[in-house]
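Taken in order, these protein sequences are the chains called W and B.
Per our numbering, the first sequence starts with residue 43, numbered consecutively.
Per our numbering, the second sequence starts with residue 3, numbered consecutively.
Think of the hints as simulated: they come from the structure by calculation, not from any bench.
Please note that the accuracy of each hint is not assured.
[Said to hold, decoys possible] Subject to a maximum C-alpha distance of 30 Å in a straight line, what follows is the list of computed BS3-like cross-link-like pairs (lysine-lysine):
| # | chain 1 | residue 1 | chain 2 | residue 2 |
| --- | --- | --- | --- | --- |
| 1 | B | Lys-102 | W | Lys-113 |
| 2 | W | Lys-83 | B | Lys-71 |
| 3 | B | Lys-5 | W | Lys-78 |
| 4 | B | Lys-110 | W | Lys-51 |
| 5 | W | Lys-82 | B | Lys-102 |
| 6 | B | Lys-54 | B | Lys-107 |
| 7 | B | Lys-102 | W | Lys-86 |
| 8 | W | Lys-83 | B | Lys-102 |
| 9 | W | Lys-64 | B | Lys-102 |
| 10 | W | Lys-109 | W | Lys-83 |
| 11 | B | Lys-110 | W | Lys-82 |
| 12 | B | Lys-71 | W | Lys-78 |
| 13 | W | Lys-94 | B | Lys-102 |
| 14 | W | Lys-78 | B | Lys-110 |
| 15 | B | Lys-102 | W | Lys-51 |
| 16 | W | Lys-61 | B | Lys-102 |
| 17 | B | Lys-110 | W | Lys-83 |
| 18 | W | Lys-61 | B | Lys-107 |
| 19 | W | Lys-94 | W | Lys-64 |
| 20 | B | Lys-102 | W | Lys-109 |
| 21 | W | Lys-82 | B | Lys-107 |
| 22 | W | Lys-51 | B | Lys-107 |
| 23 | W | Lys-83 | B | Lys-5 |
| 24 | B | Lys-107 | W | Lys-64 |
| 25 | W | Lys-86 | W | Lys-109 |
| 26 | B | Lys-5 | W | Lys-82 |
| 27 | B | Lys-107 | W | Lys-83 |
| 28 | B | Lys-54 | W | Lys-86 |
| 29 | W | Lys-86 | B | Lys-71 |
| 30 | W | Lys-86 | B | Lys-107 |
All values derive from a computational prediction rather than experimental measurement.
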Amino acid sequence: DTAVSQTPKYLVTQMGNDKSIKCEQNLGHDTMYWYKQDSKKFLKIMFSYNNKELIINETVPNRFSPKSPDKAHLNLHINSLELGDSAVYFCATHAGSPLHFGNGTRLTVT
Amino acid sequence: DAKTTQPPSMDCAEGRAANLPCNHSTISGNEYVYWYRQIHSQGPQYIIHGLKNNETNEMASLIITEDRKSSTLILPHATLRDTAVYYCIVRAPSQGGSEKLVFGKGTKLTVNP
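Same shape as in the complex, but just chain B (with noise of 0.2 Å):
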């Protein structure tokens, strides 16, 4: 799976917009970009993810950008709940029935009051 390269942590006034960068600039052709977050003390959970269009649900946005070397998650109105980790991961679809993700550090995000 493809490397990705997030800063380390960001903060973000409740009410504001999050937007959390991810560089992803061996990504291949076929390789998804996934978002998930980690809340304190919980298990990770998916928020996201696209191919090349822009996406979006009732959590987030993804932004990817032409060339699909990099990508942002807006969270649009960021509550302090939203304060986690959040991972960026790319990974092919899964082959054999196991998906293989990879975790690397993730963005540490403070939302602040």
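Bound conformation, chain W alone (with noise of 0.2 Å):
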């Protein structure tokens, strides 16, 4: 079994649509991540979940908006997508050290 799994691994959507990128995890741990992994490769830390309440935004746009329905899922909504939010996006979680990630959601912005 995945432990952090995400969909969908890739998506393609154009300019002012809104979309959404699922995470869960089967590890049972209380703290889940967002991160962006930008065309330059630079992994940024989003948001963070710490049983279902928001611990780190790191000034990301409001049309970014994490929700946490319970602690085995994090999902990420974007609404009126930009093309510079085309970028891959990791899920990752962990309870101590160390972060466990997903593979990833490639989102493509056209």
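Work from the hints to combine the two standalone chains into their complex.
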């Protein structure tokens, strides 16, 4: 079983659309994250949730809204998509150390 | 978190040891050294971490200098599957239940047949 799974793996959409990326973990971890890896391959934290509460929000535009319906899920909804949102988005979890990452969702905005 | 400096790329022959250096001259006393790697099209994968002492696990060894200003990740017998970007990260123990790992550019290790 995949510990941290993301869907979809690939997402191609047009500017202005609204889309969601889903993340599910079966590790029983309390904390979940979204990271963004841009075209220059820099990996940056966007959000973290602990027990369904927002802990870290790294000055991400409010078009991005994470939602944690339960401890095993952290979804990322993006409104009014822009070209600059094209990137690979990684979900991660941890309880203590280290972080466990999913295999990413490649979002392409055209 | 303290900043780290790594060479942008390295090559290694298959079966030989790969030694990946990292400088972290501004590391604080309570900050750990972590190593992750990212194989193409996958998420980052934890390798090893340490505070002061050298560490070894099934994947690698971590050698930290006595002054803690630098470290070396050692893959004892590199295989083609070890080709990846290797990230060296320093961070203090998490507080409030959240980790804030700061990834740099890493070292692109290419293992050649």
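**Report entry** Contradicted hints - numbers only
**Finding:** none
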